[in-house]
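Protein sequence lines correspond, in order, to chains H and Y.
First residue of the first sequence? That's 2 in the working numbering, and the numbers climb one at a time after it.
First residue of the second sequence? That's 2 in the working numbering, and the numbers climb one at a time after it.
To be clear, the hints were calculated from the coordinates, so they are not data collected in a lab.
Heads up, a few of these hints could be off.
Said to hold, decoys possible - When the alpha-carbon atoms are kept at most 27 Å apart in a straight line, the in silico DSS-like pairs for lysine-lysine are as follows:
| id | chain 1 | residue 1 | chain 2 | residue 2 |
| --- | --- | --- | --- | --- |
| 1 | H | Lys-223 | Y | Lys-776 |
| 2 | H | Lys-361 | Y | Lys-356 |
| 3 | H | Lys-258 | H | Lys-129 |
| 4 | H | Lys-158 | Y | Lys-575 |
| 5 | H | Lys-162 | Y | Lys-356 |
| 6 | Y | Lys-604 | H | Lys-187 |
| 7 | Y | Lys-575 | H | Lys-188 |
| 8 | Y | Lys-575 | Y | Lys-657 |
| 9 | H | Lys-295 | Y | Lys-696 |
| 10 | H | Lys-258 | Y | Lys-325 |
| 11 | H | Lys-343 | Y | Lys-575 |
To be verified - Partner residues are not named here, just some residues of chain H that face chain Y (Cβ under 8 Å, in silico):
| id | residue |
| --- | --- |
| 12 | Gly-40 |
| 13 | Gln-43 |
| 14 | Gln-45 |
| 15 | Leu-197 |
Note that CB positions come from ideal geometry on N, CA and C, so glycine has one too.
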Amino acid sequence: MKRIYSILIGFLFVCQISYGQFVIYFQPEIYGRTIDGLGSFQVQNLTGAVMSGQIVITVQETVTKSPVVTITTPLTNIQPGTANFPRNVYAGSLFRFSSNAYASITNQTKNFPPGQYSFCYQFVNGDKQGDDFENCFDAEIQPLVPLALIYPADGDKICQKRPMLTWQPPIPFNASMRFRLLLTEKKEGEAVENLLVNAPLLLLDNITTTSINYPSGHPDLKEGKTYVWQVIAYQNNVVMSRSEMWEFTVQCNEPQKQLPTDSYRELKLLMNGNHYIANRSLKFSFQNNYNIRKLSYTIYDIGNGMKPLKYCPEVTLTTGLNKVDIDLTEMELEPGKHYLLKVHPFNEPDIQVRFIFEDKDFE
Amino acid sequence: MNSMSIRHVLAIACLLLMSNIIVVTAYSQEKIPMKSDSLKSKVKGGIKRELAGMKGNVRLPETDTLLPLKEWKNMKGEFNGLLNEPKVIQQQLLSKVALFDDAKFVKPGKVNASVEYTFLQDTSGMELGSLKSLGSVYSYDLSTGLALFELPVNFSFRGMNGVYTSDYTSFNKLLKFNFDHKKYMQTIQSKVADKLDPDALTALTMNRINAIKSNYEKSLRSEIETLQNEYAQKYKSTVKLPDGVTDLSKNDLSVLKSRLMTEANPTIGAMADSAMVGNEAYEKKREVLEKIYQKIAAGKEKFENNKLIKQLKANLPFTRDSYKTFLKQPANLEKVVDEHMELSTVQRLFMNMTKLDMGQNALKEGDFSLQNVINTGVNTEFKNKKASVGVIYGRNNNLNNWLQSGLTSGVANEYSSMAGFKLGSGTGSAVQQYIAVNFFDFKDFSQLGAGDNPLQSKYMAVPQRRDATISFHSDFEVAPKHKVILDVSRSFGSYTNNMSADSQVYKANPYNNLVGDAGKANYAAMVDYKGEILNSDVSVFVKKVGLGYNNPGNILLRAGETKLGFGVSRKVNKQLTVRYNIDYSKRDFDPAKIYTNKALNNKLQLSYRINRNNRVALTWQHTGYRSKLFVDGASRGSNSRLQADGSYSVRAWGKKITNNVTISHQQMNVPMLLGENYKSSSMLLMHASSIAINKNPLMLTLLLNRSNNKDYLFNTSMFSSEVSYIYPVTATVRLGNSVGYYDNTGWNKQLGVKQQVSAILIQKLNIDIDFTYKKAVATIRPELANQLFVSAGMHLNF
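Working from the sequences, and respecting the hints, build out all of it.
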């Protein structure tokens with residue numbers, strides 16, 4: 002009996018040695034999501050001799066017991082030692098898909114739908130006298146809700162020159178997942194896709210959280226400019242998910258309104274004109290015969306009991322003829338209402354001009 | 002596969018030009034031959050009639066003998082003026098005017114050259130991670146706008162270190178060449194408006210209307226004559242008609258009817274009708290006149306409802322403004338150019354060449370066509386009144402090496418090359434629609450592999466295959482301000498099993514799946530509505546992407562997703578605006594529907610504008626989801642954001658201080674792989690003030706962030722305050738000085754200085770230099786204790 006046990010144990014030991022002479026390593030959680038990924042495996046040839054053969058990979062969904070695909074690589078030589086399986090050899094493989102829903106979707110999308118899978122790698126020895134070897138890997142391929150950007154929202158106008166950038170990680174979130182963020186400037190007329198080819202303005206790697214404060218070491222984002230950003234999630238140096246490319250504009254103040262480009266009227270002439278329509282600005286020429294540096298003037302709200310307006314913009318003068326532009330857009334005047342401009346020239350009588358304020362865009 | 006050379010690109014461009022010339026011939030619009038004689042006579046006739054009418058209205062005074070002579074001389078002068086103006090118009094109608102006076106082959110435009118350099122001292126590797134070796138980034142961009150045969154084109158050459166370098170990257174990835182169709186059409190519009198008098202066009206339009214009218218009138222007269230002859234044969238009497246009854250331009254039908262009926266009984270008097278009672282000829286005459294009246298009324302209706310007449314009348318009279326609006330319609334502009342302007346064949350061809358992009362260009366052709374990708378190759382589209390044809394060819398250029406360098410792409414392998422064509426409706430169609438077919442080839446070629454360039458992404462093995470999509474797009478208005486967009490697409494394709502002889506049995510035709518069912522649920526569709534309802538902008542969409550749908554032209558599409566969305570935006574009054582968006586999505590990840598994800602997203606924005614300087618806004622966004630991501634058990638999660646922001650201004654020391662403030666709270670709770678939930682919460686307060694000192698802005702920014710994270714530097718709780726002042730030191734040099742204090746919880750406290758210099762040299766060269774240095778005053782973690790950042794930019798415009 003002892004002899005029988007010894008023979009059986011010896012036989013099992015030989016089998017183990019024989020099995021262990023050719024080992025295949027594959028990480029299904031990382032590479033088992035796509036057909037292309039199945040080619041990322043390592044082979045360990047411990048026989049000490051070059052082995053010639055084919056790798057036959059069979060994938061089966063174990064819950065529904067649906068065979069999905071059988072991949073047969075071309076005949077290749079496996080050198081002794083451990084090495085990545087040559088990608089060009091895998092690229093030349095034969096793909097046979099089964100006839101079921103899982104296989105059809107995998108064939109069409111080249112991705113495995115989530116499920117419980119068994120990945121079997123079999124080495125078929127080219128030498129018919131030689132041994133075949135097989136390693137199987139079972140894994141649940143989980144779905145991944147893709148990474149999505151949250152803030153600043155796509156197309157947003159924000160008033161933060163160092164905004165907080167936030168995104169939702171791929172779900173389920175893995176603690177070993179890391180993020181890389183890229184932000185570039187979007188030049189006028191460019192599409193957001195130019196993010197793919199533009200030089201980075203902000204590039205952060207190894208982000209462990211799902212939001213960042215715009216680093217204070219980097220220059221501020223600029224008022225009026227548009228920026229594009231994208232985030233990727235990766236794990237074990239493999240990209241797991243990519244976000245969309247979103248854009249936002251830094252805009253704290255309303256864009257400056259266009260001012261008219263019409264000519265300057267001589268202020269004296271306006272004395273007779275009771276219907277001067279001032280579209281966003283008052284434009285007139287003014288003769289400064291003295292060394293006065295600042296124009297003395299007041300604007301009155303006629304409809305409000307001739308109440309003088311506060312905070313009229315300062316107008317600097319030079320000696321001689323001045324072209325004066327008084328920007329009315331900052332003064333909260335009401336369009337269609339009547340106002341009175343009273344200029345107080347030095348040593349000369351006041352000049353009064355009645356005008357109607359308008360706030361209209363130009364062609 | 003070797004990279005595509007410029008020669009290939011040019012060869013393809015020539016081929017496309019040739020094909021477009023053929024297309025031009027095939028789809029050429031109906032050209033109205035210039036019937037000079039008839040037109041001339043019509044114009045002359047029209048002018049003569051007008052003048053005769055005017056002369057008839059001139060009444061000379063009878064009493065004064067000298068004065069009338071003087072007045073007549075004056076009037077004669079006016080008549081001559083009137084005669085001269087139509088002569089100019091007449092000339093414009095009869096001969097074609099050269100649109101472009103200067104026939105130079107190349108007209109150089111402005112050249113812009115930029116070089117930018119950024120140096121970052123990243124002592125810890127916290128920022129750049131695996132890109133740490135990069136250290137500094139420089140990029141260059143040389144661009145210019147040219148006019149080739151008066152065709153505006155933009156040309157640029159750009160690159161940067163690490164990625165898109167002249168030694169690692171094929172030349173055509175650095176190049177960009179675009180024909181600017183929009184600018185070309187605008188130039189033509191303005192030139193036509195300048196060179197062709199609107200009155201000439203009015204005269205022409207009137208002639209066309211009159212020509213159509215005379216056809217209708219001729220037909221009407223023939224019908225009336227038939228009725229008159231029938232009556233004359235039976236009753237030996239004629240039915241006389243007043244003059245001008247067949248003139249379809251007369252508007253008052255009641256007057257016409259009374260004139261006709263008067264003809265039935267010319268006897269005037271109250272007893273006239275009763276006297277004729279019982280007279281068959283009289284009764285029949287009335288009947289015939291009634292019929293004639295009906296014919297005239299019907300003829301007038303037909304004429305006025307004629308589509309062309311309506312179209313022509315819609316633009317009359319051509320005032321300066323309406324003329325410009327008229328010319329903005331591509332179909333109108335083309336017609337005017339064809340009839341009155343002289344353009345070379347190439348120039349005319351490019352009026353319809355709505356797109357010609359070569360080199361490295363972004364693609365935005367729609368959700369189910371090509372989107373989110375950069376194409377290196379050729380993309381062109383020809384569109385005339387009746388049809389449009391587009392052709393695209395290119396190589397993959399979607400590797401974002403900045404984002405993916407050192408990483409292996411496990412998302413999807415990008416295609417190596419693609420080709421496609423598009424057939425659609427023309428500018429004259431009310432419905433803009435097209436069908437697009439795109440083919441994507443996947444090959445294991447060197448550019449996708451890990452080359453020598455350390456910044457290149459690594460790619461997994463790419464077995465050879467070909468995928469394709471066929472997409473239909475329709476875009477139309479169901480009523481004014483109600484637009485519907487419909488997209489339908491189907492994908493197909495398979496591996497090209499070309500391993501060896503033994504694979505012959507399994508060799509698949511990639512296009513068999515187009516009609517077969519091998520790719521289960523390989524379709525996608527979307528209906529989108531945008532319109533105005535009850536003074537509110539409303540949008541609704543439904544989108545469904547099949548689980549087996551695979552479009553390599555838009556990798557961001559989510560297979561298996563069904564999504565519904567609704568949005569409304571309303572300006573309640575002059576000050577308050579409300580926007581609300583909601584969407585619901587359900588995604589099945591597998592055919593057995595074991596793994597699912599449902600998400601409901603709400604976003605509400607209220608914006609109240611008190612006046613130009615004062616406003617407040619409130620934003621609330623919440624996404625809740627319920628997922629089944631593991632075989633056993635469902636999970637829930639959410640993220641939400643509440644933000645209030647506003648701006649206000651106050652006066653101090655007689656100066657206006659503009660302030661912006663933001664308070665934002667964010668919360669996230671998402672399921673993790675090992676059953677727990679990842680939770681994150683942060684609160685941000687930002688206040689920025691600016692005041693003008695000597696007309697230069699002085700700014701103070703305070704930023705406070707409270708976060709539950711303590712590990713990652715750029716996400717810890719922090720406080721920062723900065724003051725900056727930007728001022729000119731000379732007419733061409735501006736300086737910006739900043740000082741700040743930064744306190745990062747769990748990290749360091751730092752004092753920082755920033756110096757900015759902006760200078761304009763020799764009026765064409767702008768130089769910007771930014772230097773930032775932060776010194777730790779309290780060090781908790783030595784990484785990033787002292788930071789240096791330098792950036793420099795140089796822009797040359799000449």
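These are the hints, each one checked on the structure:
no., hint, in the structure
1, H/Lys-223 with Y/Lys-776, "24 Å, holds"
2, H/Lys-361 with Y/Lys-356, "35 Å, violated"
3, H/Lys-258 with H/Lys-129, "84 Å, violated"
4, H/Lys-158 with Y/Lys-575, "20 Å, holds"
5, H/Lys-162 with Y/Lys-356, "36 Å, violated"
6, Y/Lys-604 with H/Lys-187, "26 Å, holds"
7, Y/Lys-575 with H/Lys-188, "32 Å, violated"
8, Y/Lys-575 with Y/Lys-657, "25 Å, holds"
9, H/Lys-295 with Y/Lys-696, "15 Å, holds"
10, H/Lys-258 with Y/Lys-325, "25 Å, holds"
11, H/Lys-343 with Y/Lys-575, "31 Å, violated"
12, Gly-40, "4 Å, holds"
13, Gln-43, "13 Å, violated"
14, Gln-45, "19 Å, violated"
15, Leu-197, "5 Å, holds"
This entry does not satisfy hints 2, 3, 5, 7, 11, 13, 14, going by the numbered hints stated previously.
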